[in-house]
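Novice: Chains as they are written, first to last, in UniProt numbering: chain A, 1 to 529; chain B, 1 to 529.
These aren't lab readings, by the way, just hints derived from the structure by calculation.
Check before you lean on any hint, since a few could be wrong.
Listed below are the simulated DSS-like cross-link pairs for lysine-lysine, each with C-alpha atoms no more than 27 Å apart in a straight line [unchecked claim]: (1) A:K471 - B:K455; (2) B:K252 - A:K409; (3) A:K25 - A:K163; (4) A:K283 - A:K455; (5) A:K455 - B:K474; (6) B:K283 - A:K455; (7) A:K471 - B:K439.
Protein chains: 2
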Amino acid sequence: MMSGKCITVLFLVLGSGLGSGSCGKVLVWPADNSHWLNVKSILEELADRGHEVTVLLSSSFLGTDPTRSPFNFEVISVPFTKEDMASLMEDFLHMWVYELPNFSYWETTSRMCNLISRLVSINKATCDSVVWNEELMKMLREAAFDILLADPLVLGGELVAEKLGVPFVYTFRFSIGNTVERLCGGLPAPPSYVPASMGGQTDRMSFMERMKNMLFYALQDVLFHQFFWREWSQYYSDVLGRPTTLCETMGKAEMWLIRTYWDFEFPRPFLPNFEFVGGLHCKPAKPLPEEMEEFVQSSGEHGIVVFSLGSMVYNLTEEKSNMVALALSQIPQKVLWRYKGKKPETLGPNTRIYDWIPQNDLLGHPKTKAFITHGGTNGIYEAIYHGIPMVGIPMFADQPDNIAHMKAKGMAVELDFNTMQTQDLINALNMVINNSSYKENAVRLSEIHHDQPIKPLDRAVFWIEFVMRHKGAKHLRPAAHELTWYQYHCLDVLAFLLLCAAAAVFIAVRCCLFCCKKCGRIVKKKKTE
Amino acid sequence: MMSGKCITVLFLVLGSGLGSGSCGKVLVWPADNSHWLNVKSILEELADRGHEVTVLLSSSFLGTDPTRSPFNFEVISVPFTKEDMASLMEDFLHMWVYELPNFSYWETTSRMCNLISRLVSINKATCDSVVWNEELMKMLREAAFDILLADPLVLGGELVAEKLGVPFVYTFRFSIGNTVERLCGGLPAPPSYVPASMGGQTDRMSFMERMKNMLFYALQDVLFHQFFWREWSQYYSDVLGRPTTLCETMGKAEMWLIRTYWDFEFPRPFLPNFEFVGGLHCKPAKPLPEEMEEFVQSSGEHGIVVFSLGSMVYNLTEEKSNMVALALSQIPQKVLWRYKGKKPETLGPNTRIYDWIPQNDLLGHPKTKAFITHGGTNGIYEAIYHGIPMVGIPMFADQPDNIAHMKAKGMAVELDFNTMQTQDLINALNMVINNSSYKENAVRLSEIHHDQPIKPLDRAVFWIEFVMRHKGAKHLRPAAHELTWYQYHCLDVLAFLLLCAAAAVFIAVRCCLFCCKKCGRIVKKKKTE
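Pulled out of the complex, with its shape left as it was, chain A reads as follows (with noise of 0.2 Å):
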């Protein structure tokens, strides 16, 4: 059913939404970076599949060219330039990496609140030039978009939905502490065994961390109602001239297309207009270039390591550079480093750097041994596709939540970027390539990926063409958004309960005492008698 185009599809349903026939018109509010990357597998399939796209984008948009895509781009004219995102971006990642591992929790609170305080900035601003251009509304308005497709990371994309009148889809990775999930999509997350999102836990957990767990969710919760939301409820309330809530808004998202799946996930409870399609990115390998491949053969029986830190991290300090080269130089394996900084003094005959890798054809190729990571999704994802075992180097972000369910499924080894010497990288890498158990859990998360009734990038598109034919998905919307948080968690039920039983208790002591006195004052009669 799902390998024809949207009109096959469409003559299958009975006559319902969409006429039959015709395809649909989709608009996306992306997220940059990897975010885009993921995201532009599902447009590239609908695309593909008759749909027409419209990226409504950012000028200061750093993932992608316009002119080579298959999509039509709504370019946004911001206050701000391309340069100031990667510098911003730059300052970011600065600090994250470098930075905050010096500080405490409350300075590390502090600088991240700073920091979003300035991305929150921008994306007012790049609203500002969506919802209070009136033309470009009309235009959009007019153009009746089926549905329109959003990444959470960048807000807006649902306030434009509501502004269009258009059902919207989420394509999410995460909120921290899973906040946003739990408290506007009404996902529940029982602290006890289900670990907060960058939390840094497992499913399973000591008295201590469930402790850590529930105090986690409950300050993400405090911190995101006081500092984050409130100003922004305010503006969605003035851009949609009705009180409203952030909250309420993103609560009405259709589906929430969740980029993991049960290989990288702990099993949690999950609604039924939540869809777990991490992954979906992931294609089987294809041939390497010629001077690529003859490297790679060259390694022998002892295959090679693929490295790379990711699209964002370009260069390293040149002690770390070094520090990595040379460990890399006393493998018996061959290397290949995707790196754009200064060539490191010891970089070994048996490492090669390249400014860019085909990283999904190198993890599937035959010859690969092992994945050195910073530990982002897609990069994760991709070694999940081919059974490769990590060692993962986490920078920022989800990364070490990454790492660590990478690390609870026995396929990855975990390094401190900014501890970590020459001999423990050697080490983790031997672990994982001489440890046949980390190949092991790999090829077991594989084989999990692989098996699934439907892939995940078809079960996306399913869910987006089902919103389309059927205008939502409202019979997979839980009735949990009609309630107040105190009825969701039936506290009225309870205080109205323990009302009772104090009343009881009350009248019963009421009761007896009064029994008591009545007998005393026979008692007392009687012997006066």
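Since the structure of chain A is provided, determine the placement of chain B on it from the hints.
Specialist: The following block gives chain B in isolation, referenced to the frame of chain A:
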């Protein structure tokens, strides 16, 4: 992927579990009557895909004729006959339909407990005939089954699986108050919007209804723990030769194939090892027998009404059947009534009585306008599949709850079997036939049912084959199973935090008192000076 034989599927999977090219061996622990009708669809598909299916069949089993089937039957000799079972079912039905409505809640519960204890002793005798039959157990062990498929309406399947060391999968409708799914399977069910099974509520509850729902959950949990499970836990411990509980053993199910879907079910949280496969037995309609088709065609533009009270209700009291027949005689539709009792005197010329009707083919006939049903899950799903509105006359078990679901979704009108009068039935039929909203809702639910990424039967079979290939589905099992109930709810953490808070308050108060005392003394001293 799901269309080929198991051989094809196995070749596609990365060589784990069952060897490529071989098919699996499935052992089945079925429940009787409508449960068997449902599970048979799965077994037929498994047999069709080349798996060897062996059914452990009690000699008193009513639902099947072993001579006409593609499965092997291993008949278990039990100390009671088919006639005993039929008569017990008759008693059960009579009590539920005619007696219970006149009883108070506590009388109902006491009668139910009595009846359940009769069923339990039959269930236990069936288990005895398997688990203590060493020859049979040896034969089953030597047969080396890959999976056991159990319906927990009849306990023992999970026990046999444990004794044989075979992974097992449940095919499950529900337990009262969902106690088994919640307490043994880890399924979360916030009482604020997830109505307890057989509590008769929907997902939108008033304050009083939420309280009722919460207390219903609590009461069922106590009943299960105190009355049903204790004895079984002892039995399971005796059989397995180690201390265990029924709940712990049931909690080992690799997958829970639930016989509903979001067309019928209210959206609720669930776990990755729960798969909602409602309607898996539904099929497109086949042509009707010639005589029946002629009768149906003779209905003209008014169309027909299909009427069945299920496979367990054969006849009604004379008064009831006359009342019903009189109502049917007064509608313009032709009626096909499945009924084995005495022909009612008031039967109109528009109504024909049949011993048996091809229910699915009739519901899928273009002339069909409405379905009068007792509200069994199988029949309800056939109506959803074909988009036919219903008049529900629930009799027993899950039927009131099923009709409450369909009523809430706007696809059914409910009548009370004990109090309904001729005019009520006429009004109800007119309502579902002439008020277009019922048909519209039925078509909407039908569209939802048909518009799934893959069909429910294929999903059920996929996960059964998955468990066979991987010897389980451990990656879907939540860590909640490793926690005690108070750890699960973080009560130990809350108690500790409260203790800390109390200690902090206590110390603060003591400090204040100490300071006050000190100050007081100084003031006193100064005064005395």
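Novice: Taking the hints in turn, state whether each one holds.
Specialist: Quick rundown of the hints versus the structure:
Under the criterion of a C-alpha separation no larger than 27 Å, the hint pairing K471 of chain A with K455 of chain B is consistent with the structure, at around 22 Å. Using a Cα cut-off of 27 Å, the hinted pair K252 of chain B and K409 of chain A holds, with the two alpha carbons roughly 20 Å apart. Distance check on the hinted pair: K25 of chain A and K163 of chain A sit about 17 Å apart at the alpha-carbon level, within 27 Å; holds. About 11 Å separates the Cα atoms of K283 of chain A and K455 of chain A, which keeps this hinted pair within 27 Å; it holds.
With a CA separation close to 20 Å, the supplied pair K455 of chain A and K474 of chain B stays within the 27 Å bound. Straight-line distance between C-alpha atoms of K283 of chain B and K455 of chain A comes to about 25 Å, which keeps the hinted pair within the 27 Å bound. For the hint linking K471 of chain A to K439 of chain B, the alpha-carbon distance of about 19 Å falls within 27 Å, and the restraint holds.
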